[in-house]
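Visitor: All chains, please: the whole structure from these sequences, using the hints.
The chain contents come next:
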Amino acid sequence: MPFGRLFIVLNMNGFSLFSVFSRNSFIASKPDPSKPNMLRVGLAFGSTAVLWALLFKQHSTDVHEYKTRNGLE
Amino acid sequence: MGLLPDEAKVLPPPGIVNRNSVWFGLCGWATAMLHNSLNRRPALKAGLHRQALFITVGWFIGYHLTKFENYKYATLDRDMSEYIRLHPEEFPDKGNSTWKSSRIRVLISVLRFSLY
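Protein sequence lines, in the order shown, are assigned to chains G and R.
Counting in this note's numbering, the first sequence runs from 1 upward without gaps.
Counting in this note's numbering, the second sequence runs from 1 upward without gaps.
No wet-lab data here; the hints were simulated from the structure.
One should not assume that every hint holds.
Said to hold, decoys possible - For lysine to aspartate or glutamate, the following DMTMM-like pairs were computed, each having C-alpha atoms within a straight-line distance of at most 25 Å:
| hint | chain 1 | residue 1 | chain 2 | residue 2 |
| --- | --- | --- | --- | --- |
| 1 | G | K57 | R | E7 |
| 2 | G | K67 | R | D77 |
| 3 | G | K67 | R | E69 |
| 4 | R | K72 | R | E82 |
| 5 | R | K72 | R | E7 |
Unchecked claim - Among the chain G residues that face chain R by a calculated CB cut under 10 Å, a handful are:
| hint | residue |
| --- | --- |
| 6 | I27 |
| 7 | L43 |
| 8 | A49 |
| 9 | Q58 |
The beta carbon of each residue, even a glycine, is placed where N, CA and C say it ideally should be.
Guide: Spelled out as structure tokens, the structure:
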């Protein structure tokens with residue numbers, strides 16, 4: 001019982017400090033599509049942009065290396 | 001290149017749009033749409049950030065996979081050419097090829113296919 005209260009207190013700020021596989025039915029809620037988790041959305045778009053930038057940089061490096069090694073430029 | 005040795009840089013790099021990138025990107029998109037459907041969300045209109053991320057991850061993996069594939073094919077071609085150069089008696093210019101040379105060519109083309 002006191003452990004359950006401690007768990008509720010630790011969840012007051014919205015995210016749990018324990019990574020548990022089960023959810024406390026007192027504070028769990030259905031995911032609401034009208035209130036997106038903007039942190040996660042921002043991270044997803046941010047990592048998308050980072051990956052595209054890495055890809056284009058790697059490609060230009062590869063093209064430059066190819067041209068240098070084959071004496072084309 | 002993490003998996004590739006230095007000599008692989010001599011090969012022409014694949015374009016940004018290449019066969020593996022397109023395929024893995026489409027697979028990533030299909031995964032995101034399946035994730036939407038299984039969570040009873042509209043397949044195309046929901047979770048655009050997820051769709052974009054999965055497509056990008058697939059595209060990225062596909063590009064490096066194409067580079068790896070090109071290197072592996074190039075090494076096989078080099079080995080085959082070197083064998084042909086060292087054993088010219090098995091690959092006469094005129095007439096039919098010998099049984100051994102045709103077996104070697106088939107073996108090498110099977111090895112190429114076994115990369116999949």
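Visitor: Decide, hint by hint, whether the structure agrees.
Guide: Right, here's what the structure says about each hint:
1. For a cut-off of 25 Å, the pair hint linking G:K57 to R:E7 stands: about 20 Å separates their Cα positions.
2. For the hint pairing G:K67 with R:D77, the CA-to-CA distance comes to about 21 Å; that is within 25 Å, so the pair holds.
3. Restraint check: the Cα-Cα separation between G:K67 and R:E69 comes to about 20 Å, which is no more than 25 Å; the hinted pair holds.
4. Between R:K72 and R:E82 the CA atoms are separated by roughly 15 Å; this keeps the pair inside 25 Å, and the hint holds.
5. As the CA atoms of R:K72 and R:E7 are separated by approximately 12 Å, the hinted pair is consistent with the 25 Å bound.
6. For G:I27, the shortest C-beta to C-beta distance to chain R is roughly 21 Å, which exceeds 10 Å, and the interface hint is violated.
7. Hint status for G:L43 relative to chain R: holds, with the closest Cβ pair at about 9 Å, below 10 Å.
8. Interface restraint check: G:A49 against chain R, minimum CB-CB distance 9 Å, threshold 10 Å, status holds.
9. Because the smallest distance between the Cβ of G:Q58 and any Cβ of chain R comes to about 8 Å, under 10 Å, the interface hint for this residue holds.
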